[in-house]
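A.B. asks: These are the residues of each chain, in order.
There are 2 protein chains.
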Amino acid sequence: MSPSRVDEGGRRGAIVPIGGAEDQIKDPEILKRFVDLCGGRRARIAVVPTASERDDTGRRYERIFKDLGARSVQSFEFTSRADAEDEEALEGLKEASGIFLSGGNQLRLSTLLGGTRAAKALRRANASGVPVAGTSAGAAFLPEHMIAFGDEGATPRAGMVTLAPGLGLTNRVIVDQHFRQRDRLGRLLTALAYNPFAVGLGLDEDTSVFLGADNVLEVAGSGAVTVVDPGEVERSSMDVAKPGEPVTILGVRLHVLGTGGVFDLETRRARSGVVA
Amino acid sequence: MSPSRVDEGGRRGAIVPIGGAEDQIKDPEILKRFVDLCGGRRARIAVVPTASERDDTGRRYERIFKDLGARSVQSFEFTSRADAEDEEALEGLKEASGIFLSGGNQLRLSTLLGGTRAAKALRRANASGVPVAGTSAGAAFLPEHMIAFGDEGATPRAGMVTLAPGLGLTNRVIVDQHFRQRDRLGRLLTALAYNPFAVGLGLDEDTSVFLGADNVLEVAGSGAVTVVDPGEVERSSMDVAKPGEPVTILGVRLHVLGTGGVFDLETRRARSGVVA
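Just so you know, the sequences run in chain order B and A.
Under the working numbering, the letters of the first sequence match residues 1 to 276, in that order.
Under the working numbering, the letters of the second sequence match residues 1 to 276, in that order.
Bound conformation, chain B alone:
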């Protein structure tokens, strides 16, 4: 499949990666904002719990989104590639005004959905204006380049991260989640060192970005987003680094943004969300 193209004059829907462990009850700021974006009381949310191996993930999010005021919520389980070709499910997905991918294992998403009609339907929905959110594994899967797995630590080392093709809603960013909680700066830097064209987004838990059609993102949630911009990198040694060796990378720009913080992927400008 090719990247889903936005129709001339149309706008793709927001892309909303969440760093995992989002507050669902006490102060569900992120999920609430997502529901509002999908139409609030008119929202029809499709939940895709495919990344999770727990039976109740879909039902749990159905309750959460209903409690947040969505008009309807439907879970699409997709536990096999045959499921992901099912006509009835695909018709149901078309009705959604917002799509939410749960956490779990991002390789379940890519191996079960990759190349199927369900994946095409998700891409087409986003291209036609439907917001798509994902938490944890669901967040990692949203872009074209997905961090499949990797090692902890702040220093980038050759071979410490494994990239795989994701859903492909955008190739502008590479997302990592549970960022501060699991010490993942090194693996995100390693991912960028292969080819310094995408911007890295390290999402703390209970923290997300809302990436609009204008390629401007805004941070929401209780933690921070570490924006790793390799746009001015002078040198990456990934071409000569041996497995396990530290990778030299010169000239990365880094921003740590709290809630309300903004980053423009076109101009590469950041601004704080704090009003002085």
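The reader is advised that the hints may include incorrect statements.
As the list claims (entries may be wrong) - Reference listing, derived: stretches of chain B covered by chain A, where coverage requires no fewer than 3 residues with Cβ under 8 Å from a Cβ of chain A: (1) 78 to 88; (2) 226 to 235.
Said to hold, decoys possible - For lysine-lysine, the following DSBU-like pairs were computed, each having C-alpha atoms within a straight-line distance of at most 35 Å: (3) B:Lys-242 - A:Lys-120; (4) B:Lys-120 - A:Lys-120; (5) A:Lys-120 - A:Lys-32.
Calculated directly from the structure, the hints in this document are not laboratory data.
Every value quoted in this text rests on a predicted model; they were computed, and no experiment measured them.
Yeah, the Cβ is synthetic: ideal placement off N, Cα and C, and Gly gets one too.
For this one, chain B is given, so just place chain A on it according to the hints.
C.D. replies: Then chain A, alone, in the frame of chain B:
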């Protein structure tokens, strides 16, 4: 950067990955066909020898393409990321009616060109109709998902291949080169097992595909192209495979195409080049 979009009504140029070790003198069928595609006696070829660490690679291809009748050939060395932002070189690239990337190390291409104005110029040229060819490392770099390195062997095993972002002229295919010579079926299957959406192209040496704007490819050269189509895969175990373990993958379709063989990436239909 986002994928370079083809203008409404426009057609992108051919994408021509070559499996390495292409015949340059005795029977240079592939390079000859490439020059013809770029305008034959009117062809202005830009050579990008960045993947190679040899000083004479650019000059060598300059001679080869001149001997094949191109009107002009210019080499763009790009040995640093600063080079790849150089205004004069970028103006020169705009004049090309065809672009050729040499072999060497594909991570030199991605680390030196990724995210630079030179990479954008290559993408824009192709989107506006200019054919772009690459041999060996240059071939691996052409698509969105690039095989950076990996192990030999016919059995796919978790961790046996490392993917990185490439130039991104298409995300429909993942290319592997020196295919039969270096026993690379396993690593290509592993790459596809992460997310069975792209089609794998295993290119033997002195063998290439000419992938047109219609997403139909035709094989040229003295060897074969192994087309690995995961479109009907029922199951990939990449989500549960441990490092080094064989990966289960059910339902791959495989075609081995000689010169003149055709594969349509839309319909996933293959046909032989042999006239009965």
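A.B. asks: Hint compliance check: list the failing hint numbers for this structure, sorted ascending.
C.D. replies: The structure breaks none of the hints.
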